[in-house]
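As they're listed, the protein sequences go chains A and B. By UniProt numbering, the letter at position 59 of the first sequence is numbered 59, and the numbering carries on one by one without gaps. By UniProt numbering, the letter at position 209 of the second sequence is numbered 209, and the numbering carries on one by one without gaps.
Everything labelled a hint here was simulated from the structure, so no lab data went into it. For glycine and all other residues, C-beta sits at the position ideal for the given N, C-alpha and C. One thing to keep in mind: the hints can contain errors.
Reference excerpt, derived from the structure (chain B facing chain A, CB under 8 Å, subset only) [as the list claims (entries may be wrong)]:
(1) Asp143
(2) Thr146
(3) Ser240
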Amino acid sequence: MERRNLLKLPLAAAALTLAGGVALAQEAEKKVIGVSIPSATHGFMGGLNWHAQDTIARLGKVYPNIEFVLSTAGDAAKQVSDIEDMLATRNIDGLVVLPFESEPLTDPVKQVKAAGKFVTVVDRGLSEEGIEDLYVAGDNTAFGRVAGEYFRDNLPAGAKIVVLRGIPTTLDNERVEAFQAALQGSDKEILDMQHGNWNRDDAFKVMQDYLAKYPEIDAVWAADDDMAVGVLEAIAQAGREDQMVVVGGAGMKDIVKRIMDKDPQLPVNVTYPPALISSAIEMTALRFMSNAPMAGRYIIGSQLITPENAEQFYYPDSPF
Amino acid sequence: MKRIDLHLLGPLVALVGLFILGALLNPAFLAPANLSNVLARSAFIGLIAVGMTFVITQGGLDLSVGSMAAFLAGITIMAMNALAPFTGENWGTILIGMGVAMAGGVLAGFVNGALITRARIEAFIVTLGTMGIFRSLVTWLADGGTLSLDSGLRTLYRPVYFSGIGWITWPIIVFAIVAILGEWTMRHTRFGRHVEAIGSNDRVARYSAVDVERVRLMTYVLLGALVGLATILYVPRLGSASGSTGVLWELEAIAAVIIGGTALKGGRGRVWGTVVGVLILSLIDNILNLADLVSPYLNGAIQGVIIVLAVVLQREKRSAE
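Bound conformation, chain A alone (with noise of 0.2 Å):
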């Protein structure tokens, strides 16, 4: 009871501010967004919560009004009790989610919208359509879609491919059937496909056991560059360096830097932004502080990485 009090003496504090301004007080209006989001278990996830991190300072900065609320979550259970909790005391305006997992994420959520707060999904689709206002979201089908053309046009005639894919979900699925469909009738082969899960040393560990299995591969997609790093060691052992071309994804600063420098072993890359949360939480702010429209689909494209443009995808300052 004392800390609900508590709480309460920041927000009498800020009626009476208000009181005292009243000509500005359709601006002094203090707003607050919760922001929801996965924590940071691996490389992408990381990079993610560095730039979500980072665009509430500075937003913070720009609009002294809005008040951020971040939380992390490390499972789907966690981030429902943290939805909850925003509603339930901190009396958000708007919500940014990135949800942990699509179907235990629906319900609260749709909550968070019948109480009238402003959603904006990010990444993760819910499982059921029209709760949000907003879809901030890479473009899945055109990562394994892109992946997959450079391949096609790129690699010689009869070349051999070998995948490693994701942590098993929708996500992992439609890019690898947006691949595979990329290079449907083309004249290359792909020999295998495991489960690396987007893990340094699963992929390390998958792509020796290629490397004994097969002794012509051509071009090894890794679809995520944190697989990547973990294949080209795995290469690097083997000696093999000169047979194969690696194409990881998303963007990894490390990778990017090699791709700049024209590494023949990493010949592109495929953008997914980890910075779309950025997007996200800016356009979420955008719907409070100006008349601009904010609602519907907003899909960050895919693009391909090559030593020509591999300057503008470089941040030498993020984790990832």
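Fit chain B to the supplied structure of chain A, relying on the hints for placement.
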């Protein structure tokens, strides 16, 4: 006597069976390069599992080892990166890094052991707690990303994982030495006998003037030191550590110990069995990757079936004794 022999040989028979299966499915399986890969990969879990054998045999448990390895890898990398400008990119710096890993491991094991034996908190609870603490610490140190070793040091350090005597690389050699020393310690030293005595009945052990708490504490310190040693071999492989390093290593190590014939309730430890258990787990993984037997979605299920089966077979034989 004959029955006991059969019972002892159970895991070994399974290992030989897997070898034959692997060789039949893909000739590349028996290539030295592949066997070297599998053995070297087994070394991390193997070293940890040898330590875990002592902890489980005295009736304890340690869930924190995977997170501990990630944390130790993190501080080792940070220490070497921080020192490199002063001490230079040489073996001295790497030796200091190795020292950090070992000292950190011993200290972490001591903290676990002290909380369990001095503060008398359940081992499961203590190590569940430290598991979360180590995991969070490494994520925090890495700022949610990945800690990477400076490339100069990495080039120098890399051979510790990848080279050795011919295709018998250093991790394999270290694993073999630790396994032999572990087996010898369990069988032929007072410490080993005390560990087994405490695990089968700690009261009787206490009445027999065994310093129960001290021996228990020592098993956790030993395990911590072996996690440190595993870290020393792990860091040169990819030169990085992150929040996803060493995930579920604790359960793999525990599974290997149990497959090897050590009783989960304590009292009977078998280090060589643990080694066999570790190799079985690594071989399953390797064979599934080499053979396309089932959908990769089912790899975990196959491992699960084999773990349960291995333990079930031992149970039946034990009741027959």
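Query raised in the report: Honestly, which of those hints from before does the structure not fit?
Result: Hint check: nothing fails, all pass.
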